[in-house]
Amino acid sequence: MKHKTGKMIMGATLSLAAIAVAVDHTRHKLPTVEAISPDDQQDILDQGAPCGLGAPCSLGDDASDD
Amino acid sequence: MNESRTLESGTIAIFVIAISATSLLIQSATNSRQTILFLLGTGLGVCLLHAMFGFTGGWRKFIRNRNSEGIRAQIYLLILTAVLFFPVLGGAIEETTAYGAVSPVGYSVLIGAFLFGIGMQLGGGCGSGTLFTMGQGQMDMLVTLLFFIIGATFASSHLNWWFALGDMGSISMIQLYGWLPALLITILMLAILYATAVYLDKRSNQKLDPVFVPVGRNRLITTLIHGKWPLWWAVIGVALFNFLTLITAGHPWSITFAFSLWGTKFWSAIGGDISNWSYWQLPYPEQALNGSVLLDTTSVMDFGLIMGAGLAAALAGRFAPPTSMTKTKWLAVITGGLLLGYGARLAFGCNIGGMLAGISSGSMHGWLWLAAAFAGNIAGTRLRIALRLDKPI
Numbered sequence: 001m002k003h004k005t006g007k008m009i010m011g012a013t014l015s016l017a018a019i020a021v022a023v024d025h026t027r028h029k030l031p032t033v034e035a036i037s038p039d040d041q042q043d044i045l046d047q048g049a050p051c052g053l054g055a056p057c058s059l060g061d062d063a064s065d066d
Numbered sequence: 001m002n003e004s005r006t007l008e009s010g011t012i013a014i015f016v017i018a019i020s021a022t023s024l025l026i027q028s029a030t031n032s033r034q035t036i037l038f039l040l041g042t043g044l045g046v047c048l049l050h051a052m053f054g055f056t057g058g059w060r061k062f063i064r065n066r067n068s069e070g071i072r073a074q075i076y077l078l079i080l081t082a083v084l085f086f087p088v089l090g091g092a093i094e095e096t097t098a099y100g101a102v103s104p105v106g107y108s109v110l111i112g113a114f115l116f117g118i119g120m121q122l123g124g125g126c127g128s129g130t131l132f133t134m135g136q137g138q139m140d141m142l143v144t145l146l147f148f149i150i151g152a153t154f155a156s157s158h159l160n161w162w163f164a165l166g167d168m169g170s171i172s173m174i175q176l177y178g179w180l181p182a183l184l185i186t187i188l189m190l191a192i193l194y195a196t197a198v199y200l201d202k203r204s205n206q207k208l209d210p211v212f213v214p215v216g217r218n219r220l221i222t223t224l225i226h227g228k229w230p231l232w233w234a235v236i237g238v239a240l241f242n243f244l245t246l247i248t249a250g251h252p253w254s255i256t257f258a259f260s261l262w263g264t265k266f267w268s269a270i271g272g273d274i275s276n277w278s279y280w281q282l283p284y285p286e287q288a289l290n291g292s293v294l295l296d297t298t299s300v301m302d303f304g305l306i307m308g309a310g311l312a313a314a315l316a317g318r319f320a321p322p323t324s325m326t327k328t329k330w331l332a333v334i335t336g337g338l339l340l341g342y343g344a345r346l347a348f349g350c351n352i353g354g355m356l357a358g359i360s361s362g363s364m365h366g367w368l369w370l371a372a373a374f375a376g377n378i379a380g381t382r383l384r385i386a387l388r389l390d391k392p393i
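The listed protein sequences derive, respectively, from chains A and B.
With the first letter of the first sequence counted as 1, position 59 gets the number 59 in my numbering; the numbers rise by one all the way through.
With the first letter of the second sequence counted as 1, position 369 gets the number 369 in my numbering; the numbers rise by one all the way through.
Same shape as in the complex, but just chain B (with noise of 0.2 Å):
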């Protein structure tokens, strides 16, 4: 008990000195607007490790069981997101200059969210529950997470195939109706999908499993801390720290867009030609595979969630849980990795990015995005059943 205290502690103090060095040599090597963004990555995996708020259980847990816990408390942190976020893009608060995540309607969106559904529930993970389960250390993920890299670097290849199928271009309905009640139209289209998770969740359980679970006063630090965190404190944790990413990178929180440039920048450090991977030719793009990836917003971020999350396993003691793999396991995680990674890059991203980012920004994409990841999930759901990781519904 006492060696694994010291164990415990040795790790909580690596990664306080890991993420102290990493903000001085992002700071020093780049400039303070990256220490801030590595920072809230930090503060982001910190938060979603302490709640464990995954979007691949809560959504799991509603097909299986109906339980709808997980999603309302996404709902709940949509709302609150969109909330913050629709003023500042409809320009309602001068001298803030920031971009929603606004993109086209189209099929790579279709096809890509649904991919990236199935292989939210092979994988295990989403985009950012793949990146703070591995930060815990969570062997399984770190193979998913690698897998991820290669389906999103694969993907960025031949973009412009799946581009070029077709779309209705892009549909924000900040600019069509204007900031409020494009955020009045938001909250309604939300509002009835939380009254349809309940109906459903109430027909099939005898009670809700409650979002808001109080924290006595006495245990208050003790929970910050140590965690376990309820789900709304996440909630709201990581909606401000997403507000603070839109503030200071002037464009929401994203993640998967690094996991393809840290794969393509591999492939050409090897030898790899990439002269025909045209999506690396548009302007950000190229600009971030021909500067250090410390200068990649997306990149510095998820470094500090991997770190954050790290830290907040090592201060519960659930670093390095573990884990057992199987072949069957081997297969879904592997095969689910080249799923997330090749659909989060056609559908503009991962659920942060994609979806998260997209509903709160007014993009249409964002929620076409939602409705076929889920049909995904739903998919993926039952291959999960069919290779025996989950007992049958």
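This is chain A alone, in the form it adopts within the complex (with noise of 0.2 Å):
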């Protein structure tokens, strides 16, 4: 087997590996949403937030909770 072909082999396998990693780590420790309800929704409408449910509003406040 040739250099190269043995490179792009381990590349493949490097990656499949990490993506097995991925998806065993999101299985087994999925990230806890806080329940937001319907009036605390309002409120960050109301105060024209650039942010909506979908999209992360204090990334700083959760790096330093880490």
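For the record, the hints were derived by calculation from the structure and aren't laboratory data.
None of the values given here were measured: they were computed from a predicted structure.
One thing to keep in mind: the hints can contain errors.
What the hints assert, rightly or not - Straight-line alpha carbon distances no greater than 20 Å define the calculated SDA-like cross-link-like pairs of lysine to any residue that follow:
#, chain 1, residue 1, chain 2, residue 2
1, B, K327, B, I378
2, A, K7, B, I12
3, A, K7, B, R318
4, B, K61, B, L389
5, A, K7, B, G10
6, B, K327, B, R203
7, B, K329, A, H3
8, B, K61, B, A195
9, B, K329, B, A379
10, B, K228, B, K327
11, B, K327, A, A20
12, A, K4, B, I14
13, B, K61, B, R203
14, B, K61, B, K327
15, A, K7, B, G317
16, A, K2, B, P322
17, A, K2, B, T326
Stated by the list, open to error - Derived, one-sided and incomplete: chain A residues facing chain B with beta-carbon distance under 10 Å:
#, residue
18, T5
19, M10
20, G11
21, A17
22, A20
The C-beta atom is built at its ideal place from N, Cα and C for all residues, glycine as well.
Two independent chains are provided; combine them into the complex using the hints.
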């Protein structure tokens, strides 16, 4: 097997392994999502926050929690 | 030549990025302890690859030619690791809680280590050797690793049957005699092995290949980064990283538990029934199976070892060496991989988790492992000749 082919197979293997680890990790440890009440949602919209429910509003706060 | 250099630079960059990204991922997803263990695994991978410190080749050279260079380096590693481990495990250092690899002395170790020994020679690697040469990009070792995982997973499906065959219980020399007398006994036994190896080597060869090869000052940094390291550098590096693992994880460095964990997780994920695999109902295995793979210490260290070896191989310009696979070689690596995995699970670990950790923890099962695996290596070496993978002795 040639050097370049070997590299490609190794790259593919390590990529597959990384995907498998990611799948396993998310299966077992889903991120905690805090429930937002309809009132809170309205408050956020009223304040003109630049993010909705699908976007992170406070990455800095999340990071500091870790 | 220039293209080749560019490609290797690219490989180095990829591994540096991969190691950094994985460290950050583990840190954010788990905790600092797991990140440190991942980096310790990376360090072990660099040490093993740069010195090409394998157990299989050393044992084969001794069996075939009575060349004891590799065996003597391994004995130095065992002595140094024991000197570092025994005071900690014996409670001589306060505020440090760590547990040794102490397992029952029984039929499962005897048979498992013997099978593992055959697998070492057919598969072309041991626990650590398979990982670091696979990290180097050796395609045959990728196949060995795959079947290593399958063998370890299959063994874990009916492990209690083997355990039921009987044993003498766990025998810890540290508990029996105290850490200092136990250490002196261990060093004495290793010294006898060393003297025997030297005697047999001198009887067959004109002079001993030295383990302690000096490196000139002007080549120190270049050798450190690009290799090739003398064996004694790896002895010191592996012993220190193993000691740091003991302090950080609370147990010695081990490798193969992760293989059965990965295989069982995969089998379960594709719908396989593992409900009657009683091994996975034991406390730690159950916890590992039901948690993220990133929380398992052996897994993160194995990931680190593979990446560290890959980085070292790229730095040495030896990543993904050309490999030729014949039908016989396919047969050997598949059979070898299965025996490695099956044997390691039965014997409470491979050459690292079973032998190195066992002997360095004062456990008698480590000594039984060594004797049985050496007998297996003799059988495996004969099989290699029968399969025409090696010339007759």
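To see whether the hints hold, each was checked on the structure:
no.	hint	verdict
1	K327(B) / I378(B)	23 Å, violated
2	K7(A) / I12(B)	12 Å, holds
3	K7(A) / R318(B)	11 Å, holds
4	K61(B) / L389(B)	14 Å, holds
5	K7(A) / G10(B)	11 Å, holds
6	K327(B) / R203(B)	37 Å, violated
7	K329(B) / H3(A)	19 Å, holds
8	K61(B) / A195(B)	17 Å, holds
9	K329(B) / A379(B)	17 Å, holds
10	K228(B) / K327(B)	32 Å, violated
11	K327(B) / A20(A)	30 Å, violated
12	K4(A) / I14(B)	15 Å, holds
13	K61(B) / R203(B)	15 Å, holds
14	K61(B) / K327(B)	24 Å, violated
15	K7(A) / G317(B)	13 Å, holds
16	K2(A) / P322(B)	5 Å, holds
17	K2(A) / T326(B)	15 Å, holds
18	T5	8 Å, holds
19	M10	5 Å, holds
20	G11	8 Å, holds
21	A17	8 Å, holds
22	A20	8 Å, holds
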